[in-house]
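J.: As a plain string of letters, each chain reads:
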Amino acid sequence: MDNVNLNEEGYLTDFSQWSKEVAEKIAAENEISLTDKHWEVVDFLQKKHNNEEALSIRGIKKSGVINIKEFYDLFPGGPLKISTKIAGIPKPKSCI
Amino acid sequence: MPKSNVKKMLFILSKATIENVYAAFIMANGARMEGIEAEIFFTFFGLEAIQKKKLEHLHVATVGNPAMHMPTMLGGLPGMEALATKMMKKEMEKLDMPPIGEFLEILSDSGCKLWACKLAVEMFHLEEKDLIDDLDGILTIGDFYSRATEDNTQMLFV
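Chains as they are written, first to last, in this note's numbering: chain A, 1 to 96; chain B, 1 to 158.
Fair warning: there could be bad hints in the mix.
Cross-link-like lysine-lysine pairs, in silico, DSS-like; alpha carbons within 30 angstroms at most [unchecked claim]: (1) A:K25 - A:K91; (2) A:K20 - B:K3; (3) A:K93 - A:K37; (4) A:K69 - B:K129; (5) A:K91 - A:K20; (6) A:K81 - B:K3.
For the record, the hints were derived by calculation from the structure and aren't laboratory data.
Taking the hints into account, I'd like the entire structure generated from these sequences.
T.: What follows is the structure in structure tokens.
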């Protein structure tokens, strides 16, 4: 991806460089093609991040947007790590 | 960060003290969050963590636990365990750590398999109805070993 700065783990370092096209490219690298439900989750994660609320799997359970099973289905192989990467926000630091 | 080579984590939980149960749960959940498979085998006192009537009443060990930094005899006084447990639960809530029942739901929904040990179930005269609905089954230790179906599986005793 040109003109986008990523850290060594592939997360955007500057959210202003995020766009839907960037999200789609990161998703494709993780073998995910984004559906409406994915976008809903991305939107939820970005809002949480903007409100400086910590992200956790428990937060996903309470989100009202998606349940944990769907979350694992939509973003296989480490759902919170991959979904935050697609959303252009930092990797969550929580152990839960 | 390089990708982990661990593909699957198998946990044996044999204790019912809160600190041990949470350790196992956090490690199992952490594995799933990293895309690593996880399963927990509840045996002996660990079975308390999956008994409907007991799982929300687990305690911190105040006796025989040097990290409590109190004389062992004090830790044995009535109410001491309950007090220490209450304090610990308060701290855990601050970190958004779910209570045991909710944590089990999260683990199950995350695809972590939950198994009860057949021998221990028989020893404590338990029936399936005493155990959580999310339980995946009752296994022998041999059955549990056979869950290690792929390379780079690790087994951990808690």
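J.: It remains to establish, for every hint, whether it holds in the given structure.
T.: Each hint, compared with the structure:
Taken as a hint, the A:K25 and A:K91 pair is honoured in the structure, with Cα atoms around 18 angstroms apart against an allowance of 30 angstroms. Restraint check for A:K20 and B:K3: the C-alpha separation of about 27 angstroms stays at or below 30 angstroms, so the hint holds. A C-alpha spacing of about 24 angstroms is found between A:K93 and A:K37, which places the hinted pair at or below 30 angstroms, so the restraint holds. As the CA atoms of A:K69 and B:K129 are separated by approximately 24 angstroms, the hinted pair is consistent with the 30 angstroms bound.
A C-alpha spacing of about 18 angstroms is found between A:K91 and A:K20, which places the hinted pair at or below 30 angstroms, so the restraint holds. At most 30 angstroms may separate the alpha-carbon atoms for a hinted pair to count; A:K81 and B:K3 meet this at roughly 12 angstroms.
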